[in-house]
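Novice: Chains as they are written, first to last, in this note's numbering: chain A, 0 to 258; chain B, 450 to 788.
It is possible that part of the hints are untrue.
What the hints assert, rightly or not - In silico negatives: residues of chain B with every beta carbon more than 10 Å from chain A:
hint: 1; residue: T462
hint: 2; residue: D583
hint: 3; residue: P650
hint: 4; residue: Q680
hint: 5; residue: V686
hint: 6; residue: T689
hint: 7; residue: L690
hint: 8; residue: A692
hint: 9; residue: G693
hint: 10; residue: Y696
hint: 11; residue: P704
hint: 12; residue: A705
hint: 13; residue: A749
hint: 14; residue: I760
hint: 15; residue: W781
To be verified - A few chain B residues that face chain A, going by a derived Cβ cut-off under 10 Å, partial list only:
hint: 16; residue: A682
hint: 17; residue: S688
hint: 18; residue: I698
hint: 19; residue: V701
hint: 20; residue: L779
hint: 21; residue: Q782
Worth flagging that the hints you see were computed from the coordinates, not collected in a lab.
Where is the CB? At the ideal position from N, CA and C, for every residue including glycine.
Listed below, chain by chain, are the residues.
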Amino acid sequence: MVGEIKVGSVVKQFFQQDGSEVTALSGVELTIHAGEFVSFIGPSGCGKSTLLRLIAGLDAPTEGQIYIDGAAITSPSYERGLVFQNPMLFPWLDIYHNVSFGLKARGVYTEQKEEVDAFIRLVGLEDFYHSYPHQLSGGMAQRASLARALVNHPKVLLLDEPLGALDAFTRMNMQDELLRIWQERQTTMIMVTHDVDEAIYLSDRVVVMTPRPAKIETCIQVELPRPRARSNTDFLRLRSKILEILNFAGKTYEPDYYL
Amino acid sequence: MKSIAESIGNEQTHIQAVEKIKNAGRICHVFLPAISALLAIAVELFIHDSGRHAATKHPYFLYVLAIAVICFGIAAAGSFFCKRLQVWLAESSLFFAVVFLVLNVSNVITKKITLLPVIFFPSLDKILSVLFEDWLFLLTCLGSSGKLLFTGFVCGALVGFITGVAVGFCRSAAYWINPLVRILGPIPATAWIPIVLVSFPTTFSASTFLIALAVWFPTAVMTSSGILNVQNAYFEVSSTLGAGRFYQIFKVGIPAAMPHVFLGLFNGMCASFLTLMTAEMLGVKNGIGWYINWQKDMMAYANVYAGLILIAVTFYMLITLLFRVRDHVLVWQKGVIKW
């Protein structure tokens, strides 16, 4: 199996307009195994999206190096598919042409035409081949954008808060959909989220990050059997553990009186 | 004291009466254009012409009105059977009624009481007679203008588009071309006439160049700004999908910039009309602009008006055509400028 990501002591600094330096990541070390589902979680500004962009190859690290299956990442590639929070479908193409974009860009469309139909069916959009993105609902657009990334058979799928803009019900449906796709395709999945429940529900491992200095606080292995129940005691215990690390657990009050 | 039944009955007759009035109103409404045109015919027939009005070969205005009465009469009658006609008339009958009313008033002013000097404000009959009797010559003028406009517009739009794409995507092209665009662009193309007319071998090539220049500037500016305004995320997504540099330019940058490009083409088209007319009035020896200028010098103002009407109709159709093309190319977009 392929799709192992190795992040080797990566530092990323940005220069602001006034010349001052901001450290987005300070010495991140991490190995993501092939076929693993990993979530990055943390408050905004902790550099989790920056790390994802580095893995995608859209930005270069200031220090250190990231490797995929042993080869250094220097530029974006179809091997690392990327899905944003905003679906970013090309508004001038209909759904079919959005999904087939990657195959055409790589010049393999004629050989792999059937893939387009297969992935549109996989995300359940077969009735919307010729719809334009503005005619789709948020959840449908996000599914189309998943299909667009998957059609290239990426080794790694990078998900930058992919479900962040969806309503609660669509979101839970999409989580199951993501799991189904992951189990079917065995792709390595790396997801950025700020939803603790989502991270536990989906991932093999939750990477908790903290801001200033932006680094990995801890990695939590989720060893619950799938399919997972959101109200399971172990689930809830993991949830409060992560919230505690993130300092969001809140204080526990003694009740004023007992009945 | 009235019983309840009685008052309900009263209520019903009242509602029926209101319905009747509404129906009558609707019938009147669909016949409004025909009625207005009939009124104009009555005025034309029963009020005597002023002595200062020179009669035309045929009463053209009367012919036009008669055709209008017949067409709108049939349309109004048909609206009781055809749903589409009914919708169209409900929308536009008032507009056409007012159009005929305005024509009627202008006919009274220019022909019946000659309130304005007849030489500068000829009657509708006069203008129509030019259109009906001189149409072949007008069409040749329009044809030579069209040839000039088409060549100039296509050259200017092509070069402008290429300039815009180069400036939008290539840093060094932007470095050298941007100052040129900024300095030369705002100069009205017509200001170049003294230089251009002496430096080109023929007036046709000179005018083509001027029109192309007028179209080039807005097209280039809007294309490059359209490309520079494309969200970077589209390029990022396409690069993670395996698109190379050229594929990104042609399949992401340019399609995303198309709304801006059409805005530039629209501005360019308006500028090209202006330049065409000025060029023809100043240097070129044929075309509809030249015709208007020539007839003005001959004090034949009816011909001037006929030329203006022809220009209005032609330019309206050209801009409509441009917007049709845009609607076709930009089906994916939800409305921008409405035409």
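Novice: It remains to establish, for every hint, whether it holds in the given structure.
Specialist: Tested hints:
Against the 10 Å criterion, T462(B) stays outside the reach of chain A, whose nearest CB is about 51 Å from its own CB. Distance check for D583(B) against chain A: the nearest CB is about 47 Å away, which clears 10 Å, and the non-interface claim stands. Distance check for P650(B) against chain A: the nearest CB is about 43 Å away, which clears 10 Å, and the non-interface claim stands. Not every Cβ of chain A is farther than 10 Å from the Cβ of Q680(B); the closest lies at roughly 8 Å, contradicting the non-interface assignment.
With a least beta-carbon separation of about 5 Å from chain A, V686(B) fails to lie farther than 10 Å from that chain, contradicting its non-interface assignment. The claim that T689(B) is not at the interface with chain A is violated, since a C-beta of that chain comes within 10 Å of its own (minimum 4 Å). L690(B), annotated as away from the interface, has a beta carbon of chain A within 10 Å; the closest lies near 4 Å. Interface exclusion of A692(B) from chain A breaks down, the closest Cβ pair being 4 Å apart, not more than 10 Å.
Consistency note on G693(B): stated as away from chain A, yet its beta-carbon is not over 10 Å from all of that chain's, at 7 Å minimum. The claim that Y696(B) lies off the interface is violated: its Cβ sits roughly 5 Å from the closest Cβ of chain A, which falls inside the 10 Å cut-off. Listed as outside the interface, P704(B) is inconsistent with that label: its C-beta sits roughly 4 Å from the nearest C-beta of chain A, within the 10 Å cut-off. The non-interface label for A705(B) is inconsistent with chain A: the shortest C-beta to C-beta separation is roughly 7 Å, within 10 Å.
Every CB of chain A lies more than 10 Å from the CB of A749(B), the least distance being 51 Å, so the non-interface label holds. Its beta-carbon lying about 35 Å from the closest one in chain A, I760(B) satisfies the requirement of being farther than 10 Å from that chain. At the 10 Å boundary, the C-beta of W781(B) falls inside the reach of chain A, the nearest C-beta of that chain being 5 Å off. Here the hint on A682(B) is kept, as its CB sits about 5 Å from the closest CB of chain A, short of 10 Å.
Residue-level restraint check for S688(B) holds (minimum Cβ-Cβ distance to chain A is 4 Å; threshold 10 Å). Annotation: I698(B) was flagged as interfacial toward chain A, and the flag is violated, the nearest CB pair being 12 Å apart, outside 10 Å. For V701(B), the shortest C-beta to C-beta distance to chain A is roughly 7 Å, which falls under 10 Å, so the interface hint holds. Residue-level restraint check for L779(B) holds (minimum Cβ-Cβ distance to chain A is 8 Å; threshold 10 Å).
Here the hint on Q782(B) is kept, as its CB sits about 7 Å from the closest CB of chain A, short of 10 Å.
This entry does not satisfy hints 4, 5, 6, 7, 8, 9, 10, 11, 12, 15, 18, going by the numbered hints stated previously.
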